[in-house]
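Novice: What follows is the residue order along each chain.
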Amino acid sequence: MDILPQILVNGIIAGSMYALIALGFNVIYGTVKFFDLSYGGVILVGSYAVYTLVRLAGLSVWLSVPIAVVLGGIISVAMYRSVYVPLSRRKASNTIYLVASLGVFTMMQSVFAMIYTSQFQTVSTGVSDVVRIGSIVITSVQVVTLIASLLITAGVMLLLERTRIGNLLRAISDEPEIATTLGIQTEKIISYAFFIGGAIAALAGVLTAYDIGIDPHMGFRLLLKGVIAAIIGGVGVIHGGIIGGLFLGLIENLGVWQFSAEWKDLIAFCILIVFLFVKPTGFCKK
Amino acid sequence: MSAKKSTTDGVNEPIKIGFGLPLTGGYAAFGEEFKRGAELAGKEMNGNKESVVLIIEDTKELSSKEAVTITQKLVNIDKVDAVVMSAAVEASSSHTISNEANIPMLVMWDSNQQLNDMGDKVFAIGPWTPASAEVSAEYSYKNIGKKAAVFGYNQEWSAKVSEVFVKRFSEIGGQVTYSELVNPGLKDYRSTIQKIITSNPDVIYMTIDGFTTGLQQLKDLGYKGKVVTSDILDNPLIVANPDIYEGVYGSQVADPQGDEYITYAKKYKEMYGKDPEKPVIGAWVYDSVKLLYEAKKKQGDFIQNIYATDYSGASGKIKFDSEGASKTIPKMYIVKKQQIVPAE
Chain A
1 MDILPQILVN
11 GIIAGSMYAL
21 IALGFNVIYG
31 TVKFFDLSYG
41 GVILVGSYAV
51 YTLVRLAGLS
61 VWLSVPIAVV
71 LGGIISVAMY
81 RSVYVPLSRR
91 KASNTIYLVA
101 SLGVFTMMQS
111 VFAMIYTSQF
121 QTVSTGVSDV
131 VRIGSIVITS
141 VQVVTLIASL
151 LITAGVMLLL
161 ERTRIGNLLR
171 AISDEPEIAT
181 TLGIQTEKII
191 SYAFFIGGAI
201 AALAGVLTAY
211 DIGIDPHMGF
221 RLLLKGVIAA
231 IIGGVGVIHG
241 GIIGGLFLGL
251 IENLGVWQFS
261 AEWKDLIAFC
271 ILIVFLFVKP
281 TGFCKK
Chain E
1 MSAKKSTTDG
11 VNEPIKIGFG
21 LPLTGGYAAF
31 GEEFKRGAEL
41 AGKEMNGNKE
51 SVVLIIEDTK
61 ELSSKEAVTI
71 TQKLVNIDKV
81 DAVVMSAAVE
91 ASSSHTISNE
101 ANIPMLVMWD
111 SNQQLNDMGD
121 KVFAIGPWTP
131 ASAEVSAEYS
141 YKNIGKKAAV
151 FGYNQEWSAK
161 VSEVFVKRFS
171 EIGGQVTYSE
181 LVNPGLKDYR
191 STIQKIITSN
201 PDVIYMTIDG
211 FTTGLQQLKD
221 LGYKGKVVTS
231 DILDNPLIVA
241 NPDIYEGVYG
251 SQVADPQGDE
261 YITYAKKYKE
271 MYGKDPEKPV
281 IGAWVYDSVK
291 LLYEAKKKQG
301 DFIQNIYATD
311 YSGASGKIKF
321 DSEGASKTIP
331 KMYIVKKQQI
341 VPAE
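Protein chains in written order, with our numbering: chain A, 1 to 286; chain E, 1 to 344.
Please note: incorrect hints may appear among the correct ones.
To be verified - Examples of chain E residues toward chain A, derived with CB under 8 Å:
id, residue
1, Thr24
2, Gly25
3, Ala28
4, Ala29
5, Pro184
6, Leu186
7, Arg190
8, Thr198
9, Asp220
10, Asn235
11, Ile238
As the list claims (entries may be wrong) - Chain E residues, not near chain A, derived (Cβ > 10 Å throughout):
id, residue
12, Asn46
13, Glu61
14, Val68
15, Gly225
16, Lys226
17, Met271
18, Tyr272
19, Lys274
20, Lys319
21, Gln339
22, Ala343
Unchecked claim - If you only want the chain A side, here are some residues facing chain E, beta carbon under 7 Å, derived:
id, residue
23, Ile7
24, Asn10
25, Ser110
26, Ala113
27, Thr117
28, Gln119
29, Phe120
30, Thr122
31, Val130
32, Glu161
33, Asn253
Since the hints were made in silico from the structure, they are not lab data. Just so you know, even glycine gets a beta-carbon here, dropped at the ideal spot from N, CA and C.
Using the sequences and the accompanying hints, generate a full structural model.
Specialist: In structure tokens form, the structure reads like this:
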């Protein structure tokens with residue numbers, strides 16, 4: 001029982017990462033209503049950008065992280081403009097968007113593998129700075145992950161509820177055709193959603209790079225967990241990502257504690273299936 | 001699929017060798033070194049006339065599924081004379097295809113009973129897999145402590161060495177405090193590591209695929225004991241993460257040091273502008289190409305000629321037993337100041 005506090009903390013930390021990924025995913029899904037799998041590729045943009053800037057170019061962390069985050073946002077907008085806007089003009093179905101986004105993701109993953117090889121890389125170079133609270137150990141990167149997921153979720157909620165851009169995004173999300181009729185520049189406003197979502201994905205990639213290292217295949221693993229967290233919390237619901245992410249992280253780590261780590265993915269997908277059957281709207285209904 | 005005639009009249013046409021190497025994925029650095037060794041041998045042998053044709057394919061993360069697809073192509077489309085796989089896991093299913101076509105398959109990175117049982121056309125020149133774990137278990141018990149935890153992942157090689165370590169460590173009087181295999185691709189090991197630390201081991205025998213991440217998380221969670229592994233100490237990762245690798249033990253095949261290796265290393269440097277990154281890895285594949293060529297060149301049955309091989313190459317001496325294994329016994333090493341040096 002004496003390791004239970006650490007297991008719970010591990011669950012909260014893992015959950016806060018899932019929550020962060022779910023948050024960016026929800027921002028995009030909440031606006032355009034399709035599953036953008038290229039989001040997993042934008043996570044890689046953040047990871048490899050910070051690896052390149054810090055490890056290869058020798059820039060400071062304080063300069064590299066904002067560059068990586070902004071780059072993630074820009075790449076995400078570029079994907080929207082170059083792939084999804086043309087599909088939208090052709091009145092593509094959601095299946096077409098899904099397949100196209102899978103194609104974009106696979107392409108991005110392959111490009112990273114070609115440039116950086118598939119070899120596992122690390123960004124942090126030594127023993128992490130750790131915070132000890134009694135028997136609980138938490139690294140500085142994990143503290144940042146936890147705080148970032150809470151603050152950014154609150155920030156995005158405020159943005160959507162209290163700002164003009166938020167109102168426009170919600171208008172496009174609820175009634176896209178009426179929004180266009182009313183003269184709202186939908187493509188421009190949706191670009192904001194892709195920028196915000198992409199920047200959050202890139203930040204998740206940066207934090208993952210510092211926490212556990214990077215390889216070109218990590219994007220899909222993280223995307224899957226983020227999507228499961230989003231579904232558990234309620235797809236498209238901003239605060240649902242936090243609830244879904246923490247729930248998933250805690251259940252996974254309690255499963256590892258009680259059984260073994262072999263069960264981790266099995267537990268995650270069992271929960272997903274249970275939710276899809278029993279509570280498809282997730283914990284938080286929009 | 002038609003069986004290939006294995007009898008040779010000596011080489012007139014170039015020998016065609018197909019390779020399955022992990023050129024992408026977590027073992028890509030090893031795959032690239034294998035590829036460099038093969039290409040060096042090819043370049044050297046094709047100096048005056050074409051003697052060898054190399055067809056190199058990617059098995060991704062040592063995937064047995066990819067290896068099957070690749071072997072189908074190499075055997076049925078490319079019509080190779082021999083297939084070379086980097087590791088036992090790649091040969092586990094693909095050997096049935098080469099066996100049926102009467103084509104020899106040579107495995108470089110492992111040798112074990114499972115490979116021996118794959119039939120008389122499968123050859124192995126790597127470290128004897130059980131010995132990697134046995135050497136680690138014996139060294140750990142004698143020099144580190146009597147309590148060990150075992151932490152591997154669900155992959156054939158890791159599962160095997162974990163099992164052998166547990167068996168050998170217990171046989172010689174040690175206590176295995178905890179043993180677990182995790183799924184491939186997992187990188188957040190913290191809850192498992194917490195369970196391992198709580199079992200209070202003196203040493204952890206760790207062969208997970210995210211070895212560097214595992215070391216980092218062990219340090220983060222305050223583990224003060226020793227870590228031992230087998231065959232996976234990787235120089236670039238050691239140089240990139242010196243603090244967390246310092247003092248890690250590993251059983252592995254000794255770096256070759258003979259005259260043949262010195263010549264190989266010189267040629268390698270001329271071709272690639274640097275010293276071999278993983279000496280024995282490149283030397284294995286370099287020797288494999290030459291050994292297969294020599295066997296093909298001789299009169300008589302190609303496969304029997306491989307059995308009769310007594311070859312002194314860059315990687316050392318290669319001589320197959322009746323089961324097709326040229327067993328190499330690993331030794332213990334330790335990481336000190338970013339170098340892998342013999343452990344005392």
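Novice: Of the numbered hints stated previously, which ones are contradicted by the structure, given in increasing order?
Specialist: 5, 10, 11, 13, 25, 32
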